[in-house]
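Can you build the whole structure from these sequences, using the hints too?
In the order they appear, the protein sequences are chains A and B. Just so you know, my numbering puts the end of the first sequence at 448, numbered straight through with nothing missing. Just so you know, my numbering puts the end of the second sequence at 448, numbered straight through with nothing missing.
Among these hints, one or two may not hold up.
What the hints assert, rightly or not - Once the Cα atoms are required to be at most 25 Å apart in a straight line, the calculated DSS-like pairs of lysine-lysine come out as:
| no. | chain 1 | residue 1 | chain 2 | residue 2 |
| --- | --- | --- | --- | --- |
| 1 | B | Lys-89 | B | Lys-76 |
| 2 | A | Lys-150 | A | Lys-140 |
| 3 | B | Lys-364 | A | Lys-375 |
| 4 | B | Lys-364 | A | Lys-362 |
| 5 | A | Lys-293 | B | Lys-411 |
| 6 | A | Lys-446 | B | Lys-411 |
Claimed, not checked - FRET-style restraints, in silico, Cβ to Cβ:
| no. | chain 1 | residue 1 | chain 2 | residue 2 | range |
| --- | --- | --- | --- | --- | --- |
| 7 | A | Glu-136 | B | Gly-172 | 50 to 58 Å |
| 8 | B | Glu-139 | A | Ala-350 | 55 to 63 Å |
| 9 | B | Lys-382 | A | Ala-350 | 35 to 43 Å |
| 10 | A | Pro-373 | B | Gly-148 | 35 to 43 Å |
Simulated from the structure, these hints should not be mistaken for laboratory data. Glycine is no exception: its CB is placed at the ideal position from the N, C-alpha and C atoms.
Number of protein chains: 2
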Amino acid sequence: MPRRIVIIGAHAAGVDAASAARKTDRTADITLVTEEKHCGYSRCGLPFVIGGQIPSFPSLIVFLPSYFQMMKLNLKTETKATSIDTTNKTVEATDKNGKTEAIPYDSLIISTGASSFMPPIKGKEKQGIYSLRTLEDGEKIDAAIKKGGKTAVVMGAGLIGLETAIALKERGLKVTVIEMLPQILPQMLDPDLAKGAQEMLEQKGINIQTGKPVEEILGAEKATGVLAGGQQFDGDLIVSAFGVRANTQLAANAGIALGDTKAIKTNARMETSVKDVYAVGDCAESTHIVTQKPTLMQFGTVAVRHGKVSGINAAGGYALFTGVLGSSVSRLYETDVGSTGLTDGAAQRARIETVTGTITSKTKADYYPGALPIKVKLVVEKESQRIIGAQIIGGEEVTQRINAISFAIQKQMTARELAKADTAYAPPVCETWEPLVLAAEMVMMKLR
Amino acid sequence: MPRRIVIIGAHAAGVDAASAARKTDRTADITLVTEEKHCGYSRCGLPFVIGGQIPSFPSLIVFLPSYFQMMKLNLKTETKATSIDTTNKTVEATDKNGKTEAIPYDSLIISTGASSFMPPIKGKEKQGIYSLRTLEDGEKIDAAIKKGGKTAVVMGAGLIGLETAIALKERGLKVTVIEMLPQILPQMLDPDLAKGAQEMLEQKGINIQTGKPVEEILGAEKATGVLAGGQQFDGDLIVSAFGVRANTQLAANAGIALGDTKAIKTNARMETSVKDVYAVGDCAESTHIVTQKPTLMQFGTVAVRHGKVSGINAAGGYALFTGVLGSSVSRLYETDVGSTGLTDGAAQRARIETVTGTITSKTKADYYPGALPIKVKLVVEKESQRIIGAQIIGGEEVTQRINAISFAIQKQMTARELAKADTAYAPPVCETWEPLVLAAEMVMMKLR
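Here it is, written out as structure tokens:
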């Protein structure tokens, strides 16, 4: 009898799990169950459809029905997994017609993702509060703009909040971003670098209000504004971008252990506490490469890597997940903002003694027209001199500088080694002394 | 008495040596001797002045007289160092007025650079053969174009040859590039990747003739064409881009040892065979990080790194040079071509058994408008699975991908580790699965 692999969820993690499972076991019976109508699309692309850079929401669908057919995957859309029986190894699921079945599995992969989170704020039940997690969310925001929305208040200055704010501004709305913390992008940046990013956004005309916790959502039945830090901000569109929470209820109900981060606990094979059950993507923990502690990194790149490892294992292979650094990047207008490893703040919280080096440089030779500014902050563990984090804000080639530091952290490169690294140079693409090298040099000066 | 440091040469290596020496010893007496009128300019920028991207040749001067004043460096231009007396520790130099002096030193740094090389071809003494090494060379080519040159033949398809060919084409000339070897960019690329770069240049209208050794330079007194591979190519401008040779005569005459590469032999402190004499930049050998053998990498980035190490040591400090990988990049029209470590060909010649992985991907998410093609080739040592080289051709972020692989090679990252690396992602700047990771994956598949 062919191996039966059931996957709950059919986005980045789920589909990559299915693909890896198929490549590992050509004869397995692989079923994906998702309550959504649309699956296999890129959530990360949603703000760019609203902003107008990408022509339509369906453009974001990366895995078309033909893909599932080609890979011989059974796809059950609009089918909700309601419970898992880990003893009898079945998943109970109900389709849109109300028909319930128990789907048997040999291996189960839980990729239930995460959902937009709304804190217990007064008025949070009001109508017309938008979020941006699903394709349908995106369509609703788009419709509200088309209906004549002129002003927007975005609650939360994380990546999704800022990308949504920019998209709304691109569509001509007057946009205010409200953030409880004293800085934007608190997961990615230390306050010093966040300040520069915030100023850039303000120069583009986005009103950013940091240090203002949202106290109430205002309006009669429909949300028409927010009260934050004692101040009133009105908006035709009120957008909730407080972040997401892992969808763990299904797993928890089945007795599968959650971890310190409240996401599903996993080991390096992406196995949960229950045999033959894996968890991947936004609902699953990973190990942080620097701290070696459980962490929750809800990124598309982590999801696909999780998915692949779980798919190989679920299909009888053997693969290990080597951990995360939280490498991430976003293009905010013409400026790329990237981060990997620990911020200095996160390092302090992990009780790691640090030295940092921050430099400002250019993306091309000084004499080459069009050179753009770039700022690099390196975070180094003082005792070992190892690089443990980097934040970069700049006009070009930020993503791959983040990747370069990610590799350096993974391979325990020291600041001294980076200060002496062999780098490539040509006037139209970089300076003779690479900014990453200069930042390492700055760290070495402080360590002397 | 203050320490006397003499530096022969005042370009990238020499000036960075002087700066590092000054920072190490605030009271040293530091003298730079150069036979050139202009110093401290970027040679790498020359093609872009001819091409019109950079407004003028003086724009390329990175170190102005004010810099030398600020750093308290004695700069003797148009002064030729004629001999070194390593016993009495003096450099004999003659200025433009014919005045000769013996300059005493405690530490001597030789940064005599390299000169354009012309092989013993029939007719090589003819007038009107241009090269592109110095600012004056650039001015001559510019003047020849302004005088009405309409066609050009460039001999040599290395980086300088191609960058010059593009610059001439940008100025409206009909350009032919002649290369003896069967491929362009033989130092940087394996034939498979070189083919793609060549096709791109041909599509831009540059006529590239590979596998054609230059047999004769044609013309009466003035060069008007070349005979190559039995075929005649006519040109108003004949450009020699056969590469450069280290300027070692001064060192050799003083009994300073040359190495296997025929450049000046150095150790990790950039010391030559003679005590208190250092050699740096295009005239000096380095150790290759992969082969651990002497190699000659005549790049600006290597020159400044050499210079810095020698300056610290010459001024009484202690610094080590950690070797080279030949990381290099060039923007050819809108395509960036980069390389680091060993090509597969170079690895074969070093008798390293390899596995390679080549993939073609895009620089943005597939659905994001403006995604550009990118091709990555990884070279991996079969037995150790360690990455030893990479070649990348693509539309964006090639330079920092090269740097990322340079760090990976330096830290002995394996293909398996790269295949599992944590990378950053956002639709406008990269794909979910980073091309470097996919290339490593390809290698792993071949290793199975």
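query = Which earlier hints can't be squared with this structure?
reply = none
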